[in-house]
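Participant: Sequence:
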Amino acid sequence: MNMGRISAIFIKEAQDIRTNMNLLTMFVIPVALTMIYKNFIPEMPDGFALGMGLLFLATLVGMYVPAMTIAEEKEKRTLEVLTLSPAKPAEVFVGKGLLTFVSVLLTMVVLLLVVGSEAGTLPVIVVGMTLTAVVCIFIGMLIGLLSQNQMATGVVGMPVYMVFMLVPLLASHEPQDFIGTLAGFLPTHHFFQMLRLTLDEGQGLAQMGPQLAFLSASILVAFLLLMVVYRRKGLEQS
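UniProt numbering puts the sequence shown at residues 1 to 238.
Be aware that one or more of the hints could be misleading.
[To be verified] Computed spacing ranges between beta-carbons, pair by pair:
(1) V228 <-> M158: 21 to 29 Å
(2) I29 <-> D177: 26 to 34 Å
(3) M158 <-> V229: 16 to 24 Å
Quick caveat, the hints were computed from the structure, so don't treat them as lab data. None of these values were measured; they are calculated from a predicted model. Every residue gets a Cβ at the ideal spot worked out from N, C-alpha and C, and that includes glycine.
Taking the hints into account, I'd like the entire structure generated from these sequences.
Facilitator: Quick look at the structure:
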């Protein structure tokens with residue numbers, strides 16, 4: 001991959017998102033929800049509000065933002081221009097996803113500073129968020145490719161967003177039923193498990209081999225699926 005072309009695409013994305021209040025608002029929602037749950041629901045278990053906020057950040061922002069940016073550029077046909085440039089498709093997707101990735105990590109820092117967390121939990125939170133954000137960004141781009149326009153991303157993406165956000169939360173209460181079985185196939189569930197294990201039980205990365213392996217494998221599967229869909233569907237607005 002050519003880092004110069006990836007950097008150029010990253011800069012273009014940063015310039016575009018500065019004026020998009022709809023996307024900028026998405027970064028505020030997880031922080032606001034976490035503060036509401038932490039301060040107005042005192043009976044909530046310790047660490048659950050922070051874990052839920054981080055889960056919403058990875059899923060809501062990680063999927064919604066790239067889906068909208070891909071769909072928007074399909075409408076404007078600017079993404080098609082990018083793919084006709086010397087930049088390879090992988091470089092285009094990495095460059096476009098990089099801004100969301102960096103923004104998710106920066107919002108995570110803000111969330112941790114506002115809510116607070118013990119220093120011993122930070123390695124698990126940072127590594128888990130990094131892996132999960134990459135998976136969600138690739139899935140978000142996939143949704144953008146499958147959507148005809150920005151409006152359609154809600155129709156295509158909303159069921160996906162809800163499953164990836166709500167199933168892990170429900171499975172934490174009923175791990176043995178159908179929801180728990182379904183959750184086992186979701187990378188966000190394994191991320192939420194990591195958060196609960198470190199925030200509630202103080203476990204470190206050394207005890208989370210299965211979750212780390214699943215998230216790493218999910219990145220590969222999501223990226224390969226993105227490339228397959230792109231090559232078959234391209235950027236057409238069918």
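Participant: Where does the structure disagree with the numbered hints, that is, which hint numbers, in rising order?
Facilitator: none
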